[in-house]
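> Chains as they are written, first to last, in this note's numbering: chain A, 3 to 349; chain B, 269 to 414; chain C, -7 to 1009.
Bear in mind the hints are in silico, worked out from the structure with no lab data behind them.
Simulated restraints, written as ranges between beta carbons of each label pair:
{"id": "1", "chain 1": "A", "residue 1": "L77", "chain 2": "C", "residue 2": "N581", "range": "36 to 44 Å"}
{"id": "2", "chain 1": "A", "residue 1": "K135", "chain 2": "B", "residue 2": "Q305", "range": "52 to 60 Å"}
{"id": "3", "chain 1": "C", "residue 1": "H235", "chain 2": "A", "residue 2": "D337", "range": "24 to 32 Å"}
{"id": "4", "chain 1": "A", "residue 1": "D251", "chain 2": "C", "residue 2": "N581", "range": "31 to 39 Å"}
{"id": "5", "chain 1": "C", "residue 1": "E108", "chain 2": "A", "residue 2": "D337", "range": "35 to 43 Å"}
{"id": "6", "chain 1": "A", "residue 1": "G295", "chain 2": "C", "residue 2": "D852", "range": "57 to 65 Å"}
{"id": "7", "chain 1": "C", "residue 1": "G574", "chain 2": "A", "residue 2": "P335", "range": "30 to 38 Å"}
{"id": "8", "chain 1": "A", "residue 1": "L332", "chain 2": "C", "residue 2": "G311", "range": "15 to 23 Å"}
{"id": "9", "chain 1": "C", "residue 1": "T770", "chain 2": "A", "residue 2": "L332", "range": "49 to 57 Å"}
{"id": "10", "chain 1": "A", "residue 1": "D228", "chain 2": "C", "residue 2": "R306", "range": "49 to 57 Å"}
If you're wondering where the values come from, they're calculated on a predicted model, not measured in any experiment.
Backbone N, C-alpha and C define an ideal beta-carbon position, used for all residues, glycine too.
For reference, the chains in residue letters:
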Amino acid sequence: MTTANERITQELRQRARQLLESGQVAAFVGYTSGSMPMVMQPFVARTPEETDRLEWNSFCVLNLANYLPALLKSLEPPRRPGDPPPEGPLPKVGVVATGCWSRNMVVQIQENQVQRERLVIIGISSRGMVDRKKVLGLVGHADVTSVKEDDNSLLVKGPGLEQEINRWDVIRDNCACCVHPDPVIFDHMIGDLKGERKLGERFKQVEEIENMSVQARWEWFTSEIDSCIRCYACRNACPLCYCPTCFVDDSRPQWVGKSIEPVDTAIFHIIRAYHCAGRCTDCGSCESACPMGIRMRILTKKLQKDVLELYGTEAGMSLDTPLPLSTYKLDDPQDFVLTESLKGEKK
Amino acid sequence: MSDIAKKQAEWQPKIIAFLCNWCSYAGADLAGVSRYQYPPSLRIVRVPCSGRVSANMILDALRSGADGVLVSGCHPGDCHYISGNYYARRRFAVLKRFLEFVGIEPDRVNFSWISASEGEQFAEVATEVTERVKKLGPARHLVKEF
Amino acid sequence: MSTPKGSVLVVGGGIAGVQAALDLADSGFYVHLVEKSAAIGGSMSQLDKTFPTNDCSACILSPKLVECGRHLNINLLTLSEVLSIDGEPGSFKVKVRQNPRYVDVDKCIACGNCAEKCPKKVPNEFDLGLGTRKAIYLRYPQAVPLKYAIDPEHCIYLKKPGRCGFCEKECPAGAINFKDTPREHDIEVGSVILALGFKPFDPSRLDFTGYGQFKNVVTSMEFERLLSPSGPCLGHMERPSDHQEPRKIAWLQCVGSRDINKACHGYCSSVCCMYAIKQAVIAREHSESGDVDATIFFMDMRTHGKGFEAYYDRAREEGINFHRARVHTVLPAGNDNLKLRFTGEDGKLREDEFELVVLSVGLETDPQVMRLAHQLGIHLDSDSFAETTCFQPVETSRKGIFVCGALAEPKDIPQSVMEASAAALEAERILYPARWTETRKKEFPPERDVHAEPPRIGVFVCSCGINIASVVDVQAVTDYAWTLPGVVLAQNNLFTCSQDTINQMADIIKKENLNRVVVASCTPRTHEPLFQETLREAGINKFLFEMANIRDQDSWVHQNDPEAATIKAMDLVRMAVAKVRGDDPLPYNSVTVTKSALVIGAGVAGMTAALSLADQGFPVTLVERKDRLGGHGRKFFRTWQGQEIQPYLEELVDMVESNEKIDVCLGSTIQEVSGSVGQFKTRLSNGKEIEHGVAIVAVGAESYKPREGRWNFLYGKNPAVHTLLELDQKFIKGEIDAKNLNQAVFIHCVGSRVPERPYCSRVCCTHAIDQAIHLKETNPEMDIFMLYRDIRTYGKREHLYQKARALGIIFIRYDLDNIPRVTEENGRLRIEVKDPIIDADVTLHPDLLVLASAVRPRDDVGELSKLFKCAMSSDGFLLEAHMKLRPVDFATDGVYLAGLCHYPKPVEETIAQAKAAASRAGLVLSRDAVPAESITAVVNLQKCTGCSVCTKVCAYHAVNMDPNTGKAAVDTGLCKGCGACVAGCRSDAITLKNLGNEQIMAAVEAAMDDIQAGQGL
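Excised from the complex, chain A in its bound form (with noise of 0.2 Å):
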């Protein structure tokens, strides 16, 4: 018996294989392991041969679209500024993709940073990826040496740990509460669509915080964002944070301090989060890049949530919706404006 990821994998190298000897794509984006067990590491297969060191399990955690642009940048010819842009069609590049990192596309493409003719998608509908940190949390942090997958479990093996864990209870936040698993595009489909997940509590983690008071609320984001060193990792690993001058490094006009005091790294985290409003897919990359553990997640799911509240659109859902940001309604909600929540009271 193989496992769903296992099969996955065979599909995939084929896939991918095919692609590079057609020559219809110049490279493909996918996964291969690392020397860690549950890390796993972005790679580019250059040739038919190179795709057999893919591989496809519940660690492919970090959203592939972010390599993307530059990738397709490195395959075209090189010009000097104010040379004509190269006349055409431009190498492609394979890349797998899951709903939140097909959606993460979408995005990428409404906002020119990639061209959909130059991607051949080959999609997957997620099952949901494992968050190392909760395995090592409930392994006690104890040292792993290898994790062996089953379809609905988790083998650990470690010097003197060897323990069975439901693969359910160590699923990524993110993957909990999405239900969009299927890639929106695509070119070809590993295995089927599996339509949209019901689920009741996709917003739990953002109620939750909703409920609390005004006070309990700053106090819970400082203490979350407390641990943060201002390493940028969340940042690096966001395909949607691409300005090549962050905010955080502008002086001109400077935004934000640089230091680690709580001000500064409040407002490092309001604006990274805020940036993304309307625009993050809750691909989980950041939280998975940090190393200190920080679920600023948590406010871009905020933002999410609102974003579908007030406009009822979600990110990269559709090449054709205008995002949220850059476009409006005559009559999008207002009952925010004091002038009208005052003329409410009145009446």
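Could you slot chains B and C onto chain A? The hints should help.
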């Protein structure tokens, strides 16, 4: 009156008000022309359009020590630049909820629509915002000590 | 004719007069604008909101008035009247009497101290007597000129010199002049435009309304003032008797209109249906209880303009009641309420009680205006409106004198604005050789390059008499300003805006080598241009300037807290200094103008526009997709006034073809458009490349052909069924043998006012009735039935409706639930329709069935609108820049629209609109260069990610992605400097010159600095 209450009554917050040039700034002028009195807490920054105001500017005001922020533009449909206030409305709706989520008191950051003929409304809003901010006391959360 | 005069007299300072004056003054003519009251603004300034956008009337009007008041080439003569006009087109001699204001406008600072101290209260005519004002007064808060005037009728001093005189004592500027006398001006002009407006009908002539007897019966104009925030109850809607908010309000339509018996006004006033709906909607919005029952009693609901029908639909959805009934008695009821007695369509008598009754009064010509018209030799028609014709809609009976606005016929604001531009065009057509001969131009010395200099800031703190100084410690503020970084001079002035201080400021700038200036005084909205001009006179770029508003936003609003007001003034000065420190000199951008026009569409609108420009010497390329000139107009028989259209059209075609300035391109369409105002480049389908400074879009519309569906009525199946235009064709060709027809039926609203086309096609009622009259006059024996929903013969067209009824044409109303049923019996038509008056089905057997089918937009206007970056409304018609005040401009500068592509309209309105478009285009073509915004967006290519948010939020299409760099690029010719792109950009890659994030942050951070101990206070 208790000491705290007295102190609160005396304390005059500083509120940064970003007003669009065509409607709300004109409304503030009309409040003056009509001599509607309101508390001396506002520091008005004239901007071309409420659509010019970004989340960063609002955060910057708080970081600089403003006890409150007011952004005011033309009523929907009246924007001098056709649609600036519509984009602003989305930007602010999302920002306001988000700031409240991380623990910034709802009354710190305020938005309003005030037209050029609404002098009295401007005074009302200025008074209302001041009262609300006064109740909260001086802002501390995002204030950067330089 | 010898060289004409280069100036024009405009009589009447309402919106029409103001628009005509601005169009003329901006295209090279000197304008004398005569207004009888103390301020311009006219009736529009009295309105609360305007339909159908619910825009605040004063807000949208004010900028135009201010522009008019400040214009170097408009001589504003308020409190003035025209005595006589002699001469001929090109050279008129005008006598104007200007009545004394008793206030020196050069000195008055509009502080209002005079009015506060004036002991004499008089009814305020601006509020129609509902409120009071003083004997010294401002006509309204935003008045232009913003100068007080003394009312000699009521001034105690003027009546009995020696008494009172408080205003003179109180005035800090010494502006009161009791010795002022009337002056007579002799003015020479080349042309005259009359924009004398209307007077609301006085319903005290009609006893049944109860007006004048019961306090809670008010006119619609009075109700506007009750709603207005600047009105007598400050926008808290109150009824007159007890100042309580009325919870149940009735509107009575057609008071003084469509009434030959009692009011002697047979015409329809055109605007009352819409303003009543607007008032009902706004009343509910204004209501503090949130619960107002609004009922409109009407005969026909006439919502025939752009966006009106949708507004009516929404009002019904929102629960406003519409009763098709004529109220015949208004009786008193308990509690100051009113009891209305009315007969419904079913003939039954009913009663209902209301807390307030609003009379939707019509528009009529003021008797004083009638006298003036008589003096000037201008013919008025039987309704006392200026006589015009459909083909010459703004020409009066006297050559060289033109008319616009409600003086020619009752009409709404956009129509008046359109005609104002059209009238300006007619004047320009006579006077174009004298363009720029009488205008004045301001010259400035070359500017000093201050780039390398460290900031040397001068701060001028104004006392504004005592307006600021009585509250704010101006000396302390001045002392404080000295301490601020970069400030090398600070001084206090009594009146910074007075001519001598201005002169002195220019000297100081030069002597002290100042390179930046801050004035702490009143509001930049009124005074920034004045001080900026002073900088330019002193050789400094005008953008190196900031104002601190320490009067309107400080001393006036903190009168009881001088200490806080002084601290606030210091903060405001510190903020302005922080901001000005970062200001850069900016270029006075301009775009060189290619002095030729592109006109798209060669129907009546396009040809009229082309001729209007070519006659002034501007080359025009006229593009027509079909292979002959004439357009939709080819299909029409005659105007509602009875003039035949085909001979007129032939004449127009001849004139276009023989005009050497017009290059006609038939069988061509637009393929590609680039550039912006002043410099467009357009490629046609025939490969031709055209460079042009402006474009006029006049591509027309189509007639709806109901080939299927519920509006089919056997059209295309039975030969006796025609559309209006098909019948017109038969009239033109003489193919109708009316003598042998026994019965004709017209069905109105075929495909209009339905969910799929939710607008009124405006022209069909009049057109159908005129055809019916034509048939009936040819064969009086014929039975003619009109099956209609509402008859919308607006304005003077109502006379046709009356005539049709008098001729015995029968009108049967139907509604959407009871659409007439048309069937065939042995090839003969059979129509069944329910007559609501007898409440029974009527069966008809016509030999002719005419369908008044909708005017629908052309399917290809969408592509054209994209090419020119113009907007479209949801109906598929092209959308103007502003529905009220910019009816022929697109939001894209340099592109204008006219004719049916804008909205269905009759030929007279099409002609007026085409001329208006030509006038607006003339504003560009008459200059060598057009100014462009200086405060524009700039892209930092290092930071730009090419994400294109900026291009999406820009309403002007001024930011686009450069395909070469993949990054944003700003077209400064299109950028208006709103900053939507700046706020949208996450990367700080796009900024506004002098309004960048850094500069705004500098002001914000300065606001938060504390005043150091020992400084100032």
